[in-house]
Amino acid sequence: AQKVTQAQTEISVVEKEDVTLDCVYETRDTTYYLFWYKQPPSGELVFLIRRNSFDEQNEISGRYSWNFQKSTSSFNFTITASQVVDSAVYFCALGLNTGGFKTIFGAGTRLFVKA
Amino acid sequence: DGGITQSPKYLFRKEGQNVTLSCEQNLNHDAMYWYRQDPGQGLRLIYYSQIVNDFQKGDIAEGYSVSREKKESFPLTVTSAQKNPTAFYLCASSTGEREGVHEQYFGPGTRLTVT
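Order-wise, the sequence lines are chains A and B. The first sequence begins at 3 in the numbering used here and counts up one residue at a time. The second sequence begins at 32 in the numbering used here and counts up one residue at a time.
Each hint should be verified, as a subset may be incorrect.
Dumping the calculated EDC-like pairs for lysine to aspartate or glutamate here, alpha-carbon to alpha-carbon at most 20 Å [to be verified]:
#, chain 1, residue 1, chain 2, residue 2
1, B, Lys101, B, Asp90
2, A, Lys5, B, Asp90
3, A, Lys104, B, Asp90
Keep in mind that the hints were calculated from the coordinates and are not lab data.
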């Protein structure tokens, strides 16, 4: 099976709290790509990060960080010191390139950051 | 400014009418995609095109049609055969499948309401 599970449907935090969005993926392919996208209320998805399956290094970009663990098939996303502008729906996605192109999106996690 | 344009932002149609959604990109990307998003759900792939004059069905192609006559343009027609066409439609583009699966860049979306 090939799928992406974002078990958290909605998360609500108070500004300045840290928050982690979970993403678990399933694939038997050895080469694959993982992505996170942000969808603010305007509706347009914004690309945040791309990782390939051979690069397990964690990444930090400002207040954002990503933890990729192949052993648990997870690619979690942490926002440090959350801000109201972080309120959005966040999608994790799995990109596969065998037998034809395919990007599989999770159902998304809606994050509310309250002032 | 490079990007993806979708028009119109809101579209209303009567049941039984075909309607065409516009998508234009000036990013010089080879690949273009159409997704459908229903409330509280992730993105589902309708059609994609890796190159001009070629396109492939996605997971939910029934009731939809596309064309790719120019690199910049990938219009989607929602036909009267689509049983539940009311949804948010997102167009995206990427550099394609060379050297792996790449991130996609999204347009602002078209919200279609059919009554």
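Cross-check of the supplied hints:
With a C-alpha separation of about 24 Å, the suggested pair Lys101 of chain B and Asp90 of chain B falls outside the 20 Å cut-off, and the hint is violated. At roughly 13 Å between alpha-carbon atoms, Lys5 of chain A and Asp90 of chain B fall within 20 Å of each other, so this suggested pair holds. Between Lys104 of chain A and Asp90 of chain B, the direct Cα distance comes to roughly 10 Å. Compliance with the 20 Å bound is thereby established for this hinted pair.
The structure fails hint 1 only (numbered hints given earlier).
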